[in-house]
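Asks: Sequences listed follow chains L and X, in order.
The numbering used here puts the first residue of the first sequence at 1471, with every later residue one more than the last.
The numbering used here puts the first residue of the second sequence at 8, with every later residue one more than the last.
Simulated from the structure, these hints should not be mistaken for laboratory data.
Misleading hints may appear alongside valid ones.
Taking beta-carbon pairs under 10 angstroms as the criterion, some of the chain L residues facing chain X (in silico) [what the hints assert, rightly or not]: (1) E1487; (2) Y1495; (3) Y1507; (4) F1524; (5) K1574.
Here are the simulated DMTMM-like cross-link-like pairs (lysine to aspartate or glutamate), alpha carbons at most 25 angstroms apart as the crow flies [stated by the list, open to error]: (6) L:K1540 / X:D92; (7) L:K1574 / X:D92; (8) L:K1486 / L:D1525.
All residues carry an ideal CB built from backbone N, CA and C; glycine is no exception.
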Amino acid sequence: AQKVTQAQTEISVVEKEDVTLDCVYETRDTTYYLFWYKQPPSGELVFLIRRNSFDEQNEISGRYSWNFQKSTSSFNFTITASQVVDSAVYFCALSEAGSGGYQKVTFGTGTKLQVIP
Amino acid sequence: SQTIHQWPATLVQPVGSPLSLECTVEGTSNPNLYWYRQAAGRGLQLLFYSVGIGQISSEVPQNLSASRPQDRQFILSSKKLLLSDSGFYLCAWSVWGTVETQYFGPGTRLLVL
């Protein structure tokens, strides 16, 4: 069975600090996909990134960067120079290639990030 | 571009009353559709998914049911609400037949009193 662990329940940082959100996953499949979502106080989950298991290149998008390491089954998310608008709950998720036109996504329990001005 | 709508945004219902939450998707055809529930301060629990009209699969046995009367419409229902049904309900869609990203709607906050 697939599993996603986000050990950090809550993190507080002061604005402009860098912060890394950890994500560790378990799966038996060789083909799988990893995601990060952001849930601001309004509640809607906003998609941030998707990586497949064959692409271990790290990715950078503005102040956001992601570090995918298959050797440690981790997919960590770093926010550089954090801002108050980054305050949200962040979810890591894992999807395995399924059949019948459907894939099951397993979500972690989320990390609540508070950026203090 | 695709958009997903949910309504109502907020709902307060008494115990034992019926429930109907609606989700519609625009800008795509034959999507996979999902209902999730998020209890306060917790992660997401998949309730139902659908790969086509009239095709519903349940992940967790419970007091709720789902229906898909049209290609881009997904409805979550209950005949009699329980206190434990309170939570934040999210609908999501993804492209059929691929391991694609799930995109979420704005959610419905349900409080059962």
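Asks: Determine for every hint whether it applies to the structure shown.
Replies: Hint check:
{"no.": "1", "hint": "E1487", "in the structure": "24 angstroms, violated"}
{"no.": "2", "hint": "Y1495", "in the structure": "14 angstroms, violated"}
{"no.": "3", "hint": "Y1507", "in the structure": "8 angstroms, holds"}
{"no.": "4", "hint": "F1524", "in the structure": "12 angstroms, violated"}
{"no.": "5", "hint": "K1574", "in the structure": "7 angstroms, holds"}
{"no.": "6", "hint": "L:K1540 / X:D92", "in the structure": "38 angstroms, violated"}
{"no.": "7", "hint": "L:K1574 / X:D92", "in the structure": "23 angstroms, holds"}
{"no.": "8", "hint": "L:K1486 / L:D1525", "in the structure": "30 angstroms, violated"}
Checked against the numbered hints above, the structure violates hints 1, 2, 4, 6 and 8; every other hint is satisfied.
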